[in-house]
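Chemist: Keeping their order, the protein sequence lines are chains A and B. Here the numbering used here is used: position 135 in the first sequence is 495, and no number is missing along the way. Here the numbering used here is used: position 338 in the second sequence is 944, and no number is missing along the way.
Hints may be right or wrong, so weigh each one.
Claimed, not checked - Here are the computed lysine-lysine pairs in the BS3-like style, where the Cα-Cα straight-line distance is at most 27 Å: (1) B:K985 to B:K997; (2) B:K870 to A:K426; (3) B:K953 to B:K985; (4) B:K958 to B:K997; (5) B:K1054 to B:K642; (6) B:K815 to A:K426; (7) B:K730 to A:K512; (8) B:K958 to B:K988; (9) B:K642 to B:K739.
Said to hold, decoys possible - If the Cβ cut is set under 7 Å, some of the chain B residues that face chain A in the computed set are: (10) L638; (11) A719; (12) K730; (13) F855; (14) V856; (15) D857; (16) A859; (17) F883; (18) L887; (19) R890; (20) M894; (21) P898; (22) G899; (23) G908; (24) N1061.
Worth flagging that the hints you see were computed from the coordinates, not collected in a lab. Using N, Cα and C, we set each Cβ at its ideal position, and we do this for glycine too.
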Amino acid sequence: MLLLIDHVTRYRYGHPVRGVVQSHRLTPSRFDGQQVVEWNVTVSGGTPGGAFRDGAGDWVQGWTIKGPVDEIEVRVQGKVSTTDLAGVLRGHRESTPPLAYLRQTPATSLTPELLDLATRATEADGSLALAHALALAVSQAVAYRPGSTNAKTTAAEALAQGEGVCQDHAQVLCTIARARGMPARYVSGYLLADAEGQAHEAAHAWAELHLEGLGWVGFDPANECCPDDRYVRLGSGLDAQEAAPIRGSARTVGEERLDVTVAVLATQQ
Amino acid sequence: MTTHFNEMYLNGEVRSPYARLEDWTRSMPAELRIQKQAEAEALFRRIGITFAVYGEGGDPDRLIPFDMFPRVFTASEWARLERGIKQRARALNAFLVDVYGRGEIVRAGRIPAALVYQNEAYEKTVVGFIPPKGVYSHIVGVDIVRTGPNDFFVLEDNCRTPSGVSYMLESREMMMRMFPDLFRENRIEPVDRYHELLRRTLNSVAPVKCDREPTVVILTPGHYNSAYYEHSFLADLMGVELVEGADLFVDGAFVYMRTTEGPKRVDVIYRRLDDAFIDPLCYRPDSMLGVPGLMDVYRSGGVSICSAPGAGVADDKAVYTYVPEMVRFYLGEEPILNNVPTWQCGKADDLKYVLEHLAELVVKEVHGSGGYGMLVGPKCTKAEVEAFRLKIVADPGNYIAQPTLALSATPTFVEEGIAPRHVDLRPYCLVGERIELVPGGLTRVALKEGSLVVNSSQGGGVKDTWVLAE
């Protein structure tokens, strides 16, 4: 499939800000399931900084905005050709050992309730069947409800309230997979919504679990499927914060408002 | 308690390096000693060298007690220590480059993968990055104890930001000022080149994008930090700026320092700040101490950070047991300095042994430092040992155990006159383009009679450390 992406993030500040610094994971990963045809990131008033490919295979690009500005617009426009690999991250070059993805973070810290969810699945440790069972358990335990959680909601909190968005699904899945000894990571990217509006959230997130023999495999509990050719993968981390497409700082005392619009369209080849 | 080695006396005879010190103490009347000791304390307080003690309350600006009786090594003793320390520093750096690269030592089965990659000090963010000159740990503080004339053991390695070097330098300064005659009568190797060597080391690891004389700064968490004195002391000696996070900023692909003449590009940052705090965009987002965006500049070759983020995985107390293996694996040499035999409570057999012999052992937390959270079995009551047993059983992987070593003792001035007190040694090995070590280090002394805990946070003091010239 050929996907067109137009992603705009706009920061508005109550008082003009200076010296804003951002770190972006806003470039599609390189693997057999996707190929970039065109890709362009612009930052209003921004100077591109250091850039490098990290150990997880993500392209990281720093930006600085000198200011003073009362608004910053980050715009991503591009075209990506995708192939359905049933979630398998084939041909992705990375060097971070999977074992480094077994640790939990504050957002994914394990509670008795999360452990209970992890151990309810009876499938054998390390198996593909277990991975599917855990993803399903998350879909059932956390209902999709936009606005029910925020960027700082932890896996434990999302499970306790029984509802959340894709970020919560992915973090809960990471937590319980690690609890079963399976390396897991949070993945951010884009998703094409279908005509019926079934797949939600164009700026999307899911989880990848590491399986012996298969390597990293994506699971999207929010949509009860594995990522296919409707998905564009950007970057990964131990939790939502680490994998965030944009991490930024503004030394500001005033109010910061954030608007994000994302359009993902399919086009004829 | 087993008998310990006294570094001054052997079989009733004075050992040669201490020969002249014997005359010195004999000829010093008690009043003079008391007067000199008071003088030393006043000097230390005047220059402001104090050490805040975490978790103990009391005076945060407490002085570290200074003992005037020097600790002495012969040239040949030092030559062996120097070779051993440098060897270890090379192996530790080779290990760091390896585990953030191809991980050959893990693939070869010489160290368990989980111990390295699941270690909380293993930094995913620097995987695949080779710092300038292949150095992660630029200042390696190796803690060494002695148990006999030729028996030295490494107790632990400090690869992140070992502190205490200012005490090494100030103790020498103090002794030279108070007892100039001693330095005429004994041929003592100087340590005052340390700051030149440190500066040269830092210069030598300037980043690839630096095409001029590198600008070096020391990054401190600020004056509330217990080692702040040392940060400003080293900055002064080297003639570099002492900065806090807010003094630095990222613009484009470089880091700059705010100065009265405008922004100045910074090439090498000697940071005295933990990994977690150096960049809120990469690590803890709530850190106000670091520099937003620093890691992107670092990874793209715009600045060097010393020690390199991620260096901590080499000085973990469980990884420590594998350092002799690193020496063999990377250097193809036999270790010159031995480790203390160590049981890892995370291993079932080791745990069993440790629990059976708890009252004889020293038990430490894997990530602990400063002498906190440790058990010295023979010095504890039964109840304390039992309380500690529960902690170990609850989280075995978090503990290692070692035999209680009969640490050597050196003569020390105490209230009743002169008495032996246990000591250790921390030399500071500098690693850049070259590996350098000034002849000496920080000798810490457990001032309480019979005590084996030399940490300044636990009532330890410091001494001047002499290496005699050939």
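Chemist: The structure should be examined with respect to each hint, and the outcome stated for every one.
Modeler: Hints, one by one, checked against the model:
At most 27 Å may separate the alpha-carbon atoms for a hinted pair to count; B:K985 and B:K997 meet this at roughly 18 Å. Between B:K870 and A:K426 the CA atoms are separated by roughly 16 Å; this keeps the pair inside 27 Å, and the hint holds. The suggested pairing of B:K953 with B:K985 holds, with an alpha-carbon distance near 25 Å, which does not exceed 27 Å. Of the supplied pair hints, the one linking B:K958 and B:K997 holds, its CA atoms being roughly 14 Å apart against a limit of 27 Å.
Taken as a hint, the B:K1054 and B:K642 pair is honoured in the structure, with Cα atoms around 21 Å apart against an allowance of 27 Å. Annotation: proposed proximity of B:K815 to A:K426 holds, straight-line Cα distance about 22 Å (limit 27 Å). Distance hint between B:K730 and A:K512 is fulfilled; the C-alpha atoms sit about 22 Å from each other, no more than 27 Å. The hinted pair formed by B:K958 and B:K988 meets the criterion: a straight-line CA distance of about 18 Å does not exceed 27 Å.
Restraint check: the Cα-Cα separation between B:K642 and B:K739 comes to about 46 Å, which exceeds 27 Å; the hinted pair is violated. Checking B:L638 against chain A: minimum C-beta separation of about 58 Å lies over 7 Å; hint violated. The criterion of a C-beta within 7 Å of any C-beta in chain A is met by B:A719, whose closest approach is roughly 6 Å, and the hint holds. Using the Cβ-Cβ criterion of 7 Å, the hint placing B:K730 at the interface with chain A is satisfied: the shortest such distance is roughly 5 Å.
Using the Cβ-Cβ criterion of 7 Å, the hint placing B:F855 at the interface with chain A is satisfied: the shortest such distance is roughly 6 Å. Because the smallest distance between the Cβ of B:V856 and any Cβ of chain A comes to about 5 Å, under 7 Å, the interface hint for this residue holds. Given hint, B:D857 at the interface with chain A, holds; its Cβ is 5 Å from that chain's nearest Cβ, closer than 7 Å. Checking B:A859 against chain A: minimum C-beta separation of about 5 Å stays under 7 Å; hint holds.
About 14 Å separates the beta-carbon of B:F883 from the nearest beta-carbon of chain A, more than 7 Å, and the hint is not met. Interface hint status for B:L887: upheld, as the beta-carbon distance to the closest one in chain A is roughly 5 Å, under 7 Å. A cut of 7 Å between beta carbons decides the hint on B:R890: the least distance to chain A is about 10 Å, and the hint is violated. Interface restraint check for B:M894: the shortest CB-CB distance to chain A comes to about 10 Å, outside 7 Å, so the restraint is violated.
For the restraint placing B:P898 at the interface with chain A, the shortest Cβ-Cβ distance is roughly 4 Å, inside the 7 Å limit, so the hint holds. Here the hint on B:G899 is kept, as its CB sits about 4 Å from the closest CB of chain A, short of 7 Å. The interface hint given for B:G908 is met, as the beta carbon of that residue sits about 5 Å from the closest beta carbon of chain A, less than 7 Å. Because the closest C-beta pair between B:N1061 and chain A is about 29 Å apart, greater than 7 Å, the hint is violated.
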